[in-house]
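Engineer: Using the sequences and the hints, build the whole thing.
Residue 148 in my numbering is what sits at position 148 of the sequence shown, and the numbering runs on without skipping anything.
Each hint can be trusted.
Simulated restraints on C-beta separations:
1) ASP165 with ALA317: 40 to 46 Å
2) ARG302 with ALA126: 31 to 37 Å
3) ASP141 with ASP276: 55 to 61 Å
4) ALA193 with ASP276: 34 to 40 Å
5) ALA201 with GLU179: 25 to 31 Å
6) ASP69 with PRO250: 36 to 42 Å
7) ARG105 with GLY297: 36 to 42 Å
8) ALA114 with ASP41: 23 to 29 Å
9) PRO288 with THR108: 39 to 45 Å
10) ALA201 with ASP276: 38 to 44 Å
11) GLY104 with ALA190: 27 to 33 Å
12) ARG302 with ASP278: 22 to 28 Å
13) ALA317 with MET25: 22 to 28 Å
No lab work stands behind these hints: they were computed from the structure. We put the beta carbon where it would ideally sit given N, CA and C, even for glycine.
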Amino acid sequence: MAEFGVVMEPSPGHTAPLAAAIEAMGFDVLLCPDTQCLAPDPYGQLGLAAARTTRLRLGTGVTNPRTRDVAVTASAVATLQLESSGRAICGIGRGDSSLAHIGGRSATTAELRACVEQLRGYLSGAVVVRNGTPSRLRWLDGIGLPAVPLDVACTGPAAIRMAADVADRISFAVGSAPERIDWALATLEARLAETGRSRAAIRVGAFINLVCDEDEQRAIGLARMAAGMVAHFAGMRHAPLEHLPARLQPLAQAMQAGYDMARHAQEDGTHLARVDDDFVDWFAICGPPARCEARLGALLERGLDHVYLLGGSPVAAPHGARQAAMVEQLRLFAGQVMPRLR
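Structural biologist: Next comes the structure, spelled out in structure tokens:
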């Protein structure tokens with residue numbers, strides 16, 4: 001059965017009760033991004049969410065190899081795993097806004113691979129050699145930490161191939177258009193065929209831009225920010241573009257040249273003027289329950305094991321109110337779509 005998750009920026013005073021609401025709606029996973037200049041710290045907030053929930057899986061959506069040392073990340077994730085009685089997920093990618101806002105660059109695919117391998121070592125209690133120094137999480141001795149799934153977010157072919165080798169979970173961040181999911185799955189399957197790794201060894205899913213609303217035009221408007229953000233992921237600076245479909249390439253090129261990083265994940269980014277209604281309707285899933293069910297159902301039929309919803313909020317600010325409104329916007333999907341796709 002497919003898992004349904006929600007991506008939500010953490011917000012002090014709001015994260016824990018909103019996590020409880022998300023669990024009560026029937027969702028399976030809550031992910032909080034690790035982007036220190038744009039959102040509060042996720043780990044403390046996820047720990048508070050663990051105390052208010054019993055079933056909901058909790059994790060980063062996503063962290064990266066560069067803003068925190070891998071040992072620091074491993075210790076934080078292990079702490080969350082214990083506080084949540086084994087419900088933690090470590091979502092990790094190359095990094096984007098978390099690095100851009102401190103003048104840094106995203107990690108390379110090779111760096112991300114090394115980080116995933118080191119995380120697995122630390123979390124299993126093994127010795128990880130760092131700059132010639134044996135290193136391990138000594139405080140885990142005798143605890144018997146349950147294994148934490150390492151979930152790699154992938155936007156391009158190199159990351160997908162790498163994740164096929166080392167990840168426990170793979171989550172495509174390529175948009176919600178069927179042809180984009182088909183391309184990502186084909187890239188994954190080709191790599192698995194090369195290496196002989198079983199598809200059954202990995203849970204495969206996607207970050208899905210989705211806004212369920214009886215008013216389709218309103219849904220498109222609410223989905224525009226997330227659609228633009230994921231289009232930017234496809235066109236990150238220095239990323240190859242030749243694998244992108246013709247409909248996405250011009251926007252990805254424009255995002256490389258002029259993405260408004262100062263307003264990343266905000267509804268007033270200047271780059272959103274390039275993201276027209278037709279593109280949003282293609283790249284995201286927008287509209288009434290029946291339309292969302294048909295389009296998301298078609299993606300699940302392709303073999304996705306989980307989907308993480310990137311929704312929209314009708315409230316731009318302040319921070320906590322924005323998250324609360326986004327969660328409230330999910331109720332229609334949770335009540336009328338999700339049960340039919342289980």
